[in-house]
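Q: From first to last, the protein sequence lines stand for chains A and B. Just so we're aligned: 113 in the numbering used here is position 113 of the first sequence, and the numbers increase by one with no gaps anywhere. Just so we're aligned: 270 in the numbering used here is position 270 of the second sequence, and the numbers increase by one with no gaps anywhere.
Any given hint could be a false lead.
[To be verified] Cut-off 20 angstroms, straight-line C-alpha distance, at most; resulting in silico cross-link-like pairs (EDC-like, lysine to aspartate or glutamate): (1) B:K222 x B:E250; (2) A:K281 x B:D135; (3) B:K83 x B:D181; (4) A:K281 x B:E134; (5) A:K281 x B:D91.
[To be verified] To be clear about the criterion: a stretch of chain A counts as covered by chain B if any three or more of its residues have a C-beta under 8 angstroms from a C-beta of chain B, and this derived list gives those stretches: (6) 182-191; (7) 197-204; (8) 272-281.
[Stated by the list, open to error] Away from chain B, derived, C-beta distances all over 12 angstroms, residues of chain A: (9) V32; (10) R38; (11) R54; (12) W91; (13) A249; (14) V262.
Hints in this document: simulated from the structure, not taken from any laboratory. Note that the structure is predicted; figures quoted are calculated from it, not measured. Think of the CB as a built atom: it goes at the ideal place given N, C-alpha and C, for glycine as much as any other residue.
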Amino acid sequence: MSPELLSTPVVETAKAPDRAHSRARAARRRKVFINVVRALLLVGCLGLWEALSRAKVIDPFNFSMPSQIWDQIYTWVTHGTALGSLGEQIWYTLYEALLGWVLGVATGVVLGIALGRITLLADVLGPYIKVLNSIPRIVLAPIFVIWFGLGPASKVASAVVLVFFPVFFNAFQGAREVDRNLVSNARILGASDRRVTLQVVIPSATSWIFTSLHVSFGFALIGAIVGEYIGATKGIGLLVAQSQGTFNAAGVYAAMVILAVVALLAEGLLTFAERRIFRWKPAASEH
Amino acid sequence: MSADTSPAIELRGASKAFRTPSGGLHTAVRDLDLTVARGEFVAVVGPTGCGKSTTLTLVSGLEEPTEGDVLVAGEPVRGVGDKVGFVFQQDATFPWRTVLSNVMSGPRFRGVPKAEAKRRARDWLARVGLEDFEDRYPHQLSGGQRKRVALAATFVNDPEILLMDEPFSALDVQTRALMSDELLELWAGTQASVVFVTHDLEESIALADRVVVMTAGPATVKEVFTIDLPRPRKVEAVRLEPRFIEIYREIWESLGEEVRITRERGAAHVA
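Generate coordinates for the entire structure from the input sequences, incorporating the hints supplied.
A: Structure below.
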């Protein structure tokens, strides 16, 4: 008989914790190892950049170096930017991106579900949506600046057009691919069409929609930044444009670093929300 | 004929053809005549893929017949009615709802107030032995437990007609026998008429008052056998009785031929 088959408590208390312990220790050790290697990789890359730049192998004026970027961020944080405090710039960009994201997601989800459920609507509008989607929407940003001026509205508009399409297509697909059994079951149980949409189609499309939310927040940021880059009075995008205009390479990189941090924080929040909403789903790794 | 004396289900020359993606017509059911009396348990057996399930979707109102008539309680079927319950082959529990909420969904869809729906759902959960699992999500249950949720969710609506499409085919053999017994018990407490589709002849004899043998697709009724085994039955015990084996042989003679035809067609497809 193998030791696993012995179920007397004596054997279990004597052996199991010991094994579990060593396994947990091995897992911990592996985690530490991976983190150390990660950190070394980052330090190595940044160090190499710094060294090459200082040794003038690459032109420090064009390529800058990590220490200068850090100095730039530090000055922005402590003394503010040429446009005002750094927090204000971040808030401005974030506000435009968030507003554009919310509007884009809302219209995308509503239209996606509607077209997914109402075949006539999908048949009529389908080709137009395809055409609109094939336009490289980023070129609309200059037009929005003409239409809506230098204020936040033009940036929100470019964020909306970038966010709308991925969300729309995912919501549409999600509504189309609802398990037919679930719909039949709901109808047999007595659900009206409206209830089927609200209580079967939308819940089962949420995992599709959430996939697109991750990607689309990045798009919203892009929309806001590009809008600001083209013409604005405030924001990170303008910071990039100004740094570029004064040949301040470190400034461009610094703005990029700040954006990356903002995007990562937003992504973290979204993942957190997703975990709460999808409690009903079997977790890929629950333990 | 008044509604009270009319049979629970009546199919008269019903046919159903589907349009295939390639544009052709696929006839699933042709010229089907079948009558199910009130409170009767009818099992429908036939070779795999012959169109047995289509019969159920016609009775449920999920699909309309291309030809012929389908009547429930003497009335032609128009859309999904409120008399019908349907237990599907695959899992059809709502994965984002808890067990209790799943069982409540039928009454809630039909406009029963929340408290009343909850009371009735709890009652049925207790009858299927899941009262301690009401806060779980379906993915946290076993296949047999999920099937029990589906049964409770169907019975809670108090259906006059119960349609079951190979409901236990995904379960292991022991669980299946257990579920069959439970189904018979639950059914005995109602006046529902049952149409139970299966490809398992043993299951059909153990459960039903009458067994309908379908032909290889397009399906139509080939023969109907009356099962005179006394009730209440226990599935595991009844299938050892000599009379059961006798009936089994008799029906298999009819069914086996259709299975052979289907198999040969399948082989021709592969070749």
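Q: Flag every earlier hint the structure violates by its number, smallest first.
A: Violated hint (a single one): 3; every other hint is consistent with the structure.
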